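Just need the whole structure built from these sequences, with the hints factored in.
Protein sequences, first through last, are from chains A and B.
Take the first sequence: its position 139, counting from 1, is numbered 1132 in my numbering, and each next residue is one higher.
Take the second sequence: its position 167, counting from 1, is numbered 1187 in my numbering, and each next residue is one higher.
Since no wrong hints were added, every one of them can be taken at face value.
No more than 25 Å apart at the CA atoms, straight line, and that leaves these computed lysine-lysine pairs for BS3-like:
#1 K1326(B) x K1314(B)
#2 K1263(B) x K1250(B)
#3 K1241(A) x K1114(B)
#4 K1114(B) x K996(A)
#5 K1241(A) x K1115(B)
#6 K1115(B) x K996(A)
#7 K1241(A) x K996(A)
#8 K1158(A) x K1241(A)
Source of the hints: derived by calculation from the structure; they are not laboratory data.
Remember, predicted model here, so these are calculated numbers, not experimental data.
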Amino acid sequence: MVKGAFPIFRRDMRVMRRSIFSELLAVVAYPLTLYFAFGIGMKGYIGTVEGVPYPVFIAPGLISMTAINAAFDESAWSMWFHRRVQRTIEEYRTAPITVYDIVIGKIFSGFMQGAIKGLAVAAVILLITSFRVEAANLASYLFFIVLGSMIFSCIGTICGTMVDKPENIGRIQAVVIVPLVFMSGIFFPLSSYPPALLPFIKLVPTTAIFAGARQSLLQGGVDGGYAANLLVTALVAFVAAVQTFNRKMAE
Amino acid sequence: MRRDSLPGTVLPPGSTDGGSMTDMSVDIRSVSKWYGSLAAVDRFSLEARQGSIFGLLGPNGAGKTTLIRILTTLIRPTTGEAFIEGCSVLSEAKKVRALIGVVPQENNLDRYLTARENLELHARMHGMRSADYRRQVDALLELTGLANRQHEFPDTFSGGMQRRLVVARALVHRPRVLFLDEPTTGLDPQSRRAVWDYVRDLQREMTIFLTTHYMDEADALCDRIVIMDKGRILEDGSAGELKERFAHAHGYELQFRTGLDRYAELLGRLPFVTSLVRNGEALRVTLRGEEFLKPLLDAVGTDDLKGVCLREPSLEDVFIELTGREVRE
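What follows is the structure in C-alpha cells.
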C-alpha cells in the first residue's frame, strides 16, 4: 500500500529542496522574533518560570510550534493546491496507485517538512543564543516533535481535503490552530490555569506536545500520560485523514 | 478479472459474442450516472474495437466527460458496468489504470516540476524502473518536440506545448487505451494539427477514445463516431455513414443581397426549419422535408434573395440536427 506513496513523497521532497533556503528563512524568522521579543524583551520582568530562565522556558515550545505549524501549512496548502488548482491529485488518481498511497504520501511530506523546519529553528536558537540542551534529552524531545508534526500533518491534510475556498484554511488556522498552540503553555506555565481546569487542559494534544516536549528537553525522560495522549491522537488523526480523503475522492 | 487472459471465464451478462469480445478495447454496458434527479449518463452502452480511434461527440453537458471519468475510474457509475481491455472499472480499477492513459480536458501538469520531471513522476507512479522509463521519456520528449526544453517548467510553455506535454505524460507507461478529453480545446490551428498528427501515429499502437465538440476533428481523426446528448446515444457510425444517413436532411444555402440579420430572425421562427447556421453572407438551413422548400421561399420572398442552392450535409449539420440549436452552458 505504501509503495505508491513513495513517488509522491519523493516529488514533494524534491520541490522542497529547490526552495529550502528561502523557505527556512521565512520559517525561522517568526519563532526567532518571538524568542527575542518575549525571551529577551521580557527577561528582565519575568526572570525565571518554575525555576527555569524565561528564554529557556519558551525555547522548546517555539521549536515545537515551528514544527507543527510547518506540518499543518504544508499538508493543508499542498493538498488544497494539488486538488483544486493544479488538479494533480486527479493525475495521481489515474495511476495504478490507491487513494491511501496518495494521502499517506502527502501526510509524510507534511510531517517531514515540519520536522526539518523545527530542527532548523532549534539549530538557529542553539547557534545564536545561550540556550543549551543535554544531548541525552534530544531523543525524547524528538519523539514529541515527530508525533506533533504527524498529528498536525494529518489535521492539515483533512483541511486541505475538505476546504474548497483557500481563505477558509486561514480562518481555521486563526480560530483553531493558533488558540490551541498559544493556550497550551508555550509562553506561560500550565500552573497558571485554575486547578479545576488543569486536568482538562492536560488532555488537549497541543498541551501534550508543548509541555511534554519542554519536560523532555529540560528535565529528560518522557511523560507517560503525554506520550499516550499523543500516540492515540496521532492514530486517530491518521485514520481520520485517510478516511476523509477517501470519502472526498469517492464523491 | 481479465476475460481475455483467463480461459473458461464466464462473460458478464449481455455478452453476445464470446470470440469477438477479446477484440473490444472499451466495452460499456448500460452505464448510468445520476446526480440527484439528473441523469448525466443514461443507460449508455457501446463497444470500441482495439486499434480504433473512437470519437464521442456532444454539446456541453451531454455527458461526455462524465462517461470518460467513469471509464478512467475517477467516478463510479450509479448502475451498469464497463470494461477496459477486459478489466472491470468497478472491481479491477487499479488494473484498468495501468492500462489507460488519460489526457484530461484541463492541463493538470505539475508546475513545480520540469517537463522531464513531470514525465518521470508519472512513470514512477506506474511502477516503472528508471532504466525502463529514461529511454521512453527521451523518446516522447523528442516526439513532442520538447526535448530542448525538458528542464524548463510548464508555466513557461505555450498552451500547445503544455498540451503536447500532457499527451506525452499519458503515453509514458505505454497504455493500451488512450482517453483524450477535448484534446485540442483552446489551441491554435497549427497546434491542433500537430496534436492530430500525434494521435494518428498512435493509432497503430493503441485504442484512442476521444471526446470533442469540433466536428472537423472528429471527421479528420475518428474511425467511428457516437453523437450523444442528455446522457444518451443519438447516432453511431463512421463520419461518412452519419452524413449519408442524414443526406435526407434537406439542406439549402440561401444568399441574400441585403438584410441578412432580418432574414436570419425570420427563418429562425419558421416551424419547419430544423437548423439554421450563418455562413458568411449566406444562411444554411435544414428543412423538415422537401415539401417545405416552397413555403420557405414564400416566406423570404424574392426581393433580396440572390440565390438558393442544395447543400451536402456536413458532420456539423448532423450534429446540429440531432442535438438542436440552443446554446448550452
